[in-house]
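Residue-level listing of the chains:
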Amino acid sequence: MLKQVEGSKAVAESVALCHPEVICAYPISPQTHIVEALGKMVKAGELAPCEFINVESEFAAMSVAIGASAAGARSYTATASQGLLFMAEAVYNASGLGLPIVMTVANRAIGAPINIWNDHSDALSQRDSGWLQLFAENNQEAVDLHIQAFRLGEELSMPVMVCMDGFILTHAFEQVDIPSQEQVDAYLPPFDPRQVLDPAEPISIGAMVGPEAFMEVRYLAHAKQLQALERIPQLAKEFKDVFGRDSCGLVQTYCADDAETMIVAMGSVLGTIKDVVDEMRADGHRIGVLGITSYRPFPLAEVRAALSRCKRFLVLEKSLAVGLGGILATDVRMAVTGTGLKGFTTVAGLGGRPIPKASLHQLFREAAQETLAPVSFLDLDWNAVNKQLERERQTRHSGPRAENILHDKGIASAAKFG
Amino acid sequence: MFQVRIHGRGGQGVVTAAEMLSVAAFGEGHHAQAFPSFGSERTGAPVVSFCRISDREIRLREPIMEPDALIIQDPTLLHQVDVFAGFKHDGYVLINTARSFDELGLGELIQGHDPAHWCTVPATEIGLKHLGRPIPNVPLLGGFAAISGIIKLESVIKAINSKFSGKVAEGNIAAATEACQIVLAEKQAAAQGA
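Chains as they are written, first to last, in this note's numbering: chain A, 1 to 418; chain B, 1001 to 1194.
Simulated from the structure, these hints should not be mistaken for laboratory data.
Hints are not guaranteed to be accurate.
Simulated crosslink set (DSSO-like; lysine-lysine; CA at most 27 angstroms straight-line) [said to hold, decoys possible]:
| hint | chain 1 | residue 1 | chain 2 | residue 2 |
| --- | --- | --- | --- | --- |
| 1 | A | LYS3 | B | LYS1163 |
| 2 | A | LYS224 | A | LYS3 |
| 3 | A | LYS3 | A | LYS43 |
| 4 | B | LYS1163 | A | LYS40 |
| 5 | A | LYS40 | B | LYS1088 |
| 6 | A | LYS3 | B | LYS1158 |
| 7 | A | LYS342 | A | LYS311 |
| 8 | B | LYS1167 | A | LYS40 |
| 9 | A | LYS3 | B | LYS1167 |
| 10 | B | LYS1163 | A | LYS43 |
| 11 | B | LYS1129 | B | LYS1158 |
| 12 | B | LYS1088 | A | LYS357 |
| 13 | B | LYS1152 | A | LYS3 |
| 14 | A | LYS224 | A | LYS240 |
| 15 | A | LYS43 | B | LYS1167 |
| 16 | B | LYS1088 | B | LYS1152 |
With the rest of the complex left out, here is chain B (with noise of 0.2 angstroms):
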């Protein structure tokens, strides 16, 4: 079973982003199950949904607490609340933001990971692009379905067809594609860094 806690604010999508994401993992013929905090959600307060994708059944009800992946939404929230709780050591880390780790603070904790788990993404940047709008999340499932190699980008691709349709949908299409091809270039290079 692979598990996905995705850290975020209010208004950014983060229970959406993990209900697409179930549907893509369903979509490639994977059980999957998605869930949010179940938090009184305001525009603003830190949210976090879970995703679990699995080939069995998934009767599990706990909230995730050792994930296989981290998407983190807010960079800000890194320093507000404790994300890498129960984090695996060989996990993926994906953050929306435009600075390094360094920049973020993260210099120390990365060492001794494998630096091609540990990607960023300037996603809200790719959202305002694509979509004119400051919306992280699906930009955030493209650089996911890199990352990880979990899912691939088409099904992501069919996940936002399914949920949107006209100019939104293509818009959304267009970001995830382009944050999928970011991190997959930022992947190849941390391997021949490596």
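For reference, chain A alone in the conformation it holds in the complex (with noise of 0.2 angstroms):
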């Protein structure tokens, strides 16, 4: 049903048509209304049979739902930012141990200076834990995201982070196509576990793993990614089929086929993104979009092929590797290894730093004429940067940089509009 709902509720809703048997979690903003959300569904008994546990931690939120789906329970948590870094250790056991989980990220920045608002560093920062990573653009693919989540996962017995940006998805109002209980149940069939925790058929799961055997039980979650590039497509495809939209795949693409000059992101800046291209190519531009949904497995070979036409290309990505430049970028690059592709990094969005349309029609000139530097930060204040850079040289007690830099900007706290 067409409805115009809160990214939140409307995550909630999609989660509770899945019928998880555990939810638990604990409050984080920005995805707090998530789960209230969810809690208030298994209180009124509009969702059951589903037990709602109220942890003490993160990693007490990953490590009931680790037992939870090892007992063959169908298991969903969300959480963000120092939230999903408390909870890291749990996060790469769950992958380790092959546990179907699926994970709302409510995409925010991470610490210090603390930050409650959206970039992707959370998500990013385990991108090497064996979790599959599927980043929304908006909140209709958030959504339909949530149920290919739960299928795509327990087919490879593998958990999957569903990401959306913090506050910019989760917190805002549009209408959304709520599925009906019939064409989720058509679509996701219930959860058959390839091992369970069963008294009556005692198991250990979890056993030490020396020299001997780890490499090959790691590289069985590599294999499941590589599975996973197969399955998302075609999982997609049936999504459709029953649904009777496009939703997700591996990447999608907009105004790409004779586009010189293409820009590449995650989540919900290409819609921002797309809006500034029509603009442009009114003005006789020929550029166009590429859109990465699945970070984790990441797809190599259409990355490459939807490059394979431009001239150059542009990573615009809520993200640093601080020491290196991007994250998505490198990734990006490793795709079109070999073609001569021209490449550019642009950071920006991070801790919810507006990413405005003047601000990308200047910077997607800037790459179609390739005057950018390989890497550039959107909308830096280098003034600021710079005075703080100039005062550590000038005095040893320069100070703690974070209020130096509020400081010289005349902000008194963080608290602003915009």
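Both chains come to you apart, so use the hints to assemble them.
The structure is reproduced here in structure tokens:
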């Protein structure tokens, strides 16, 4: 049913349609509305049988999800930012053990300095954990990706993160088509676990594995991701057959056929990028977009194919590989190895910095003219940065850097509009 | 695309107002997108929310920097926050106040603008009268329907009924309706004056 609804509420309804049997979560912005809504549904008896477990931390949330999944229950949790870091050890355990937990990550920056706003640093910090990572462009896709995530994860017996931009999507009211229970049931079969902890037939899960077998077990996680590369497009097609809309897949392109300049990005910023591309095309620029939905597994062949006809590409990413440049860009550049394509990386939107159309217009024009630096930072206040660097050159006791920057920019606190 | 920016303070229902406006617009068959300013919301702190209304899918995710309409839920913000940043010359302004634009210190600013696009409504008093609480957000939506004509009062009432029930819904509907009538009368007076 098409309705105007908050992104978090829509995702909660989507998860509920998948009938998880155990939901465990610890509140952290901007994820909280999702599990609050699910908690209400469980309490009201609308989602049954399901146990909602309040835990004392994110580490406990993932640990409970691991236990529940190993006992054969469809398990779900959600987190963000520091919460994801706090559960990191258990995140690796879930994938190492091959437990198909689905987790929403409401993408948020990582401190310090503490910041509750959106970027992709949290999810990307776990890119090598073995979890599949799917990124939603809008709330419809977030809804659809959760349903596909349960199907995909359970087929492969691997956990899946569905990543959606914190606040920008989680707190946005927009129209979303919430599927019917019949549609979801037709698409998502009951969970048939490959391994179950059952007192009647005791087994152990999580044995210590030494040098003689560790590489083989670890390789299996990689093998599963390679399988996912094949299954994700098939599952997207099946999804279309049941739900009647194109949703998800490995990558999506926009105006790419004759594009000389391609913009590569993940998540909600793709919407703003497409609006800018429409306006630039009206001015005669041959520019297109490659949106990456599946960040892990990373679709090297599809990315290479999508960029094969362009002359240059720009990766716009909400993440920073400190000391290197781009995180997503590194993978994209690997995909185009040997093609001689000119590539640029722009880091944008860290800690919720708005990514306005006006800034993108200028950036994309510079990319088209190939006048950009290999790595650039959108709307970075160089005056503030240089002032602090100069301060550090002048005096040993230069003080706390975040407080200095806030002071230099005349900001009393971080609570600002826009 | 029509873009609305709502300024108020934490506790005044600023975010809820944008959400309900989006529900009202959706009810009329439009695409609508509402979102908060993503701040750490505290009671009394300046808060901003946004609502876009369009007949096409809304993909844009930037904050609203050039609003077609401003709803000011708290007039004390006028001299604290740059509420008029990016405001379009022919846009609409609706301020919650029982005072005049001159009394608010906006007499000069309003010069050269269409007076029918600038209205005030005592939304806090209307909220107190009908709901017993000084919450101006819903009456202002009734006023917004009148000043802009972008949505109908009936759609605001439907949005109220989808969010509230019983006496709270009734009170909000009465408040929105009264505010709508006040603003309509102001617009007519401005048109005649012109």
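- Item | Violated hints - listed by number, lowest first | Violated hints: 2 and 5; rest satisfied.
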